[in-house]
Amino acid sequence: MAIGPPTGMRDWLPQDALLRQQLMETISSTYRLYGYLPIDTPVMEDLAVLLGKGGGENEKLLFKILKRGEKLAQAKDHELADYGLRYDLTVPLARFVATHQGKIPKVFRRYHIGPVWRADRPQKGRFREFYQCDIDVVGGASSAYEVEIITATERVLKELKLGQYWFRINDKRLLRDLLLGFDVPAEKIYPVCVLLDKFDKISPIEFDFELSNILGKGSDVWHKVRDLAIRSSWGGVDHNILLSETTAYYEDQFKKITNQSILSRINKVRAGLDQIINSLRGINAESRIIFHPLVVRGLDYYTGTVYEAVMHRDSKASILGGGRYDDLIGQFAGRKIPAVGCSIGFERILAILQERTAGQAVAASPRALLICDEGDIGLLQRQAEQLRNEGLCVETYLDYDDVGKQFKYAEAAGITWA
76 MAIGPPTGMR
86 DWLPQDALLR
96 QQLMETISST
106 YRLYGYLPID
116 TPVMEDLAVL
126 LGKGGGENEK
136 LLFKILKRGE
146 KLAQAKDHEL
156 ADYGLRYDLT
166 VPLARFVATH
176 QGKIPKVFRR
186 YHIGPVWRAD
196 RPQKGRFREF
206 YQCDIDVVGG
216 ASSAYEVEII
226 TATERVLKEL
236 KLGQYWFRIN
246 DKRLLRDLLL
256 GFDVPAEKIY
266 PVCVLLDKFD
276 KISPIEFDFE
286 LSNILGKGSD
296 VWHKVRDLAI
306 RSSWGGVDHN
316 ILLSETTAYY
326 EDQFKKITNQ
336 SILSRINKVR
346 AGLDQIINSL
356 RGINAESRII
366 FHPLVVRGLD
376 YYTGTVYEAV
386 MHRDSKASIL
396 GGGRYDDLIG
406 QFAGRKIPAV
416 GCSIGFERIL
426 AILQERTAGQ
436 AVAASPRALL
446 ICDEGDIGLL
456 QRQAEQLRNE
466 GLCVETYLDY
476 DDVGKQFKYA
486 EAAGITWA
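Using this note's numbering, you'd call the opening residue of the sequence shown number 76 and step up by one each time.
For the record, the hints were derived by calculation from the structure and aren't laboratory data. Check each hint, because a few of them may be wrong.
Unchecked claim - Simulated restraints, written as ranges between beta carbons of each label pair:
1) SER362 / LEU454: 52 to 58 Å
2) LYS181 / SER287: 37 to 43 Å
3) GLY214 / GLN429: 34 to 40 Å
Nothing here was measured: the structure is a model prediction, and the numbers come from that model. Beta carbons are placed, not taken as given, at the ideal position from N, Cα and C, and that holds for glycine.
Assemble the whole structure, with the sequences as input and the hints as a guide.
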């Protein structure tokens, strides 16, 4: 019998576990500079909570937990489970806020790093157990909170020294109103937005096929949306050039909209985005923030601004994403509570760091090894403790092996001095 972790889950060797811990510490310490504090929630939640925001699609993600003992014996087939493992950190946050109303401040800043579980089919780079890292402001309606979150998150990326990235921002309402101006039927706005969001992740043939299923191939509106996607694609294009060309194209499209109500909404949203972008650049002259009109993010609970960051050399895969979601928390709290947040792609960033360090994470934390030469082991341990009292990381070799073996152990364990 092959012995290993459950399918889609992993063991963590010391060098990788230490690297993961270092990543957590960098993220945590940076967000604390901005007043964000950690929370934690149970890894299990009531099924009613986990299914409360989306029904069927969310149920497919769930690892359900069977009732226990007498409750299991009395349960009907469709009532065998009452809890489930959390599949993200946003739903637990909504439940947390509803539970602790009156105990947390009106504007609540929090970050949360922890494992989540999804019943996906495991494949390369996709696991059933993985870590997420979320930062959120609950109760803040001003766009200044978007500015704060993005500023803090750009500081995290700088601290991690990941390399050049782009931080792309949009507002879902902008694309929605532009599509309405193109005469896309209201009930088809959401599937079109989802398709546009993945334009650079699928082939042109796949895109045309899916767009035809939604709008009908060859129609006037089909051509408008297809042209919109092609003009806004960032695959392999310098972002500065793309930004200029895309902005000019959108300006032209806005001028063609004759519905004054739609045009008024577009102008209001654009003014809000301009304010956010200008504020970010005013706070941080090195900010990599850029406007991109096809960033919509897949989750339908976003209500306004949306953003994501991508590495300069791999613009198809985001390393983080987030936005404003003013309606979700209220589903649990019983009243409308504005919120905005960001979810860092913890596993994706960890993979980048693993490639860069090539297993050297342990060496990044200096350690010394005191070797045993058949002397007094008690003396060896006392000397080691004295060094630890001075703040040094010291390990002791407590077996009577020859010196060569002890040095080999030090090398294999990534110990700095022996």
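Which of the listed hints are broken here? 2
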